[in-house]
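Colleague: Please build the complete structure, drawing on both the sequences and the hints.
So the protein lines, in turn, are chains A and B.
When you line the first sequence up against the working numbering, it's residues 1 to 113, in that order.
When you line the second sequence up against the working numbering, it's residues 1 to 319, in that order.
Treat each hint with caution, since some may be false.
As a list, the in silico DSS-like pairs of lysine-lysine whose alpha-carbon atoms are at most 25 Å apart [what the hints assert, rightly or not]: (1) B:Lys99 with B:Lys164; (2) B:Lys99 with A:Lys28; (3) B:Lys7 with A:Lys35; (4) B:Lys170 with B:Lys7; (5) B:Lys62 with A:Lys28; (6) B:Lys7 with A:Lys39; (7) B:Lys170 with A:Lys35; (8) A:Lys28 with A:Lys53; (9) A:Lys32 with B:Lys164; (10) B:Lys58 with B:Lys72; (11) A:Lys39 with A:Lys53; (12) A:Lys39 with A:Lys28; (13) A:Lys39 with B:Lys62; (14) B:Lys72 with A:Lys28; (15) B:Lys7 with B:Lys72; (16) B:Lys72 with A:Lys35; (17) B:Lys72 with A:Lys53; (18) A:Lys32 with B:Lys58; (19) A:Lys32 with B:Lys62; (20) B:Lys72 with B:Lys62; (21) B:Lys164 with B:Lys72; (22) B:Lys170 with A:Lys39.
Incomplete in silico selection of chain A near chain B, CB under 7 Å [said to hold, decoys possible]: (23) Val58; (24) Phe62; (25) Ile95.
These are calculated hints, taken from the structure and not from any lab test.
A virtual CB, placed ideally from N, CA and C, is assigned to each residue, including glycine.
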Amino acid sequence: MASIVSTLPFVLLVSLIITLIFYWIGGKIAPKGTKTPGKLAPYACGEDFPAEKLQMNVQNFFIYAVYFMIFDILAFVLAISFVNPGLMPAFFAIITLLAVILLLPLLKLKQKV
Amino acid sequence: MIIEILKLLIIPGIFFLFTLALFYQWLDRRFLARLQNRRGPMHTGSHGTLQPLADFIKLLAKEDIEPEAVDKPVFRGVPILLSTISITALFFIPIWGVKAFVHFEGDLIFMTFLMTLIAILAFLGGWSSTNRFSTIGGLRAAMQTLGYEVPLSLAFIGPAIVAKSLSISKIVEWQASTGIWAIILNPLGFGIAIIALLAELEKVPFDLPEAETELVAGWQTEFSGRKLALLRFAFDLELVLAAGLITSLFLGGPAGPFYNIPWVGVIWFFIKTTIVVLILSNLRGLFARFRIDQMVSGCWKYLVPLAIIQIIFLQLVLG
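Modeller: Here it is as structure tokens:
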């Protein structure tokens, strides 16, 4: 099947068009409604939340992102080991396993300090 | 060319996938209701089979409220892109035969990429809403789905190593031709994949991003009308995607006796995905929501080491 229809960009395009059609139909059949201040305010149950962005702590997120990247690369390295499975990839995986196991108590120690 | 386009639009394609998504939503709701001693949807269609479709149409026809403070382009784009990506990802699952509609070498890696995109879109949806509930929900969604991506991708590698290919279609083809399902060599990986997919779908034990008792609806709080309809629909498609991925990677996809005859493969696929969906709903019924620290430590302390042990075991057995 070398046809253009069964390629990724075409399928992505068709899915996007179908979704947009649904979105458009929704806009057509939905009632328009008036805009009242209550509708334009952000949702809150009884309390008055100002419509501003929350400042979040990105520091923890960076650590998380780095872990995620390291493990994704590990997964990819292990994924391409299917060509030659055996002791070498197993050894590599054991090292990372030890790293994970050692990392957790170290992180706890750091949190206490 | 015309036959191909018809295929894309109707039978292995979009119409069939939509039907499957709505059907599995019904099955999930009915089964969960029976577990909780309720009846679930009953009125629309026979035994409530048309209820998901009725819900979808009802939400489409509701007024679409956009608060003033939202980041409009992102807020509008998230539901559209989320359902687009879910539909596209489903084309990589072999349903009607051992070959999927779209397949190339390395589409398993592409699939994990699409799942990461879904996680990032959930975060963007929460962030662009400019609402406290949404922001906290979005942060939790990002933390949970990105964290569980790691054991999930490690678990998906198991079948790839067994079948010596990184293409979902080729993994299914290998399982069909040898008659060995990858679950035999990957029992741990199968369990890890089920737990991690439950977290990816934000279903009940892992529903921290939309914990309704504390966060209203989490990152979806501000979505209404057609946007909510598309979001809900994207979740249904993701359920099919999760069940389809587990079926094709671990349970042999459409492989089974006489799978080469047309219409037989799809029946096998249907039976297997139904079992996977029932397992997922059963887990939903069994557990209560985890705490955040339990969710994070459960991933890094237990699932990641277990996934690595599974891969070491595979290397030693195959090597």
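Colleague: Decide, hint by hint, whether the structure agrees.
Modeller: Now the hints, each set against the structure:
1. B:Lys99 with B:Lys164: holds (16 Å)
2. B:Lys99 with A:Lys28: violated (39 Å)
3. B:Lys7 with A:Lys35: Given pair Lys7 (chain B), Lys35 (chain A) is violated - Cα atoms ~44 Å apart, limit 25 Å.
4. B:Lys170 with B:Lys7: holds (21 Å)
5. B:Lys62 with A:Lys28: holds (11 Å)
6. B:Lys7 with A:Lys39: Violated, at about 43 Å.
7. B:Lys170 with A:Lys35: violated (54 Å)
8. A:Lys28 with A:Lys53: violated (32 Å)
9. A:Lys32 with B:Lys164: violated (55 Å)
10. B:Lys58 with B:Lys72: Given that 25 Å is the threshold and the Cα spacing comes to 23 Å, the pair holds.
11. A:Lys39 with A:Lys53: holds (18 Å)
12. A:Lys39 with A:Lys28: Holds: Lys39 (chain A) and Lys28 (chain A) sit about 20 Å apart, inside 25 Å.
13. A:Lys39 with B:Lys62: holds (14 Å)
14. B:Lys72 with A:Lys28: holds (19 Å)
15. B:Lys7 with B:Lys72: Given pair Lys7 (chain B), Lys72 (chain B) is violated - Cα atoms ~35 Å apart, limit 25 Å.
16. B:Lys72 with A:Lys35: holds (16 Å)
17. B:Lys72 with A:Lys53: It holds: about 14 Å lies between the C-alpha atoms, which stays within 25 Å.
18. A:Lys32 with B:Lys58: holds (15 Å)
19. A:Lys32 with B:Lys62: Within the cut-off at roughly 9 Å; holds.
20. B:Lys72 with B:Lys62: holds (19 Å)
21. B:Lys164 with B:Lys72: violated (45 Å)
22. B:Lys170 with A:Lys39: violated (52 Å)
23. Val58: violated (10 Å)
24. Phe62: Not OK, violated: Phe62 (chain A) not within 7 Å of chain B, min 12 Å.
25. Ile95: Interface hint status for Ile95 (chain A): violated (10 Å vs cutoff 7 Å).
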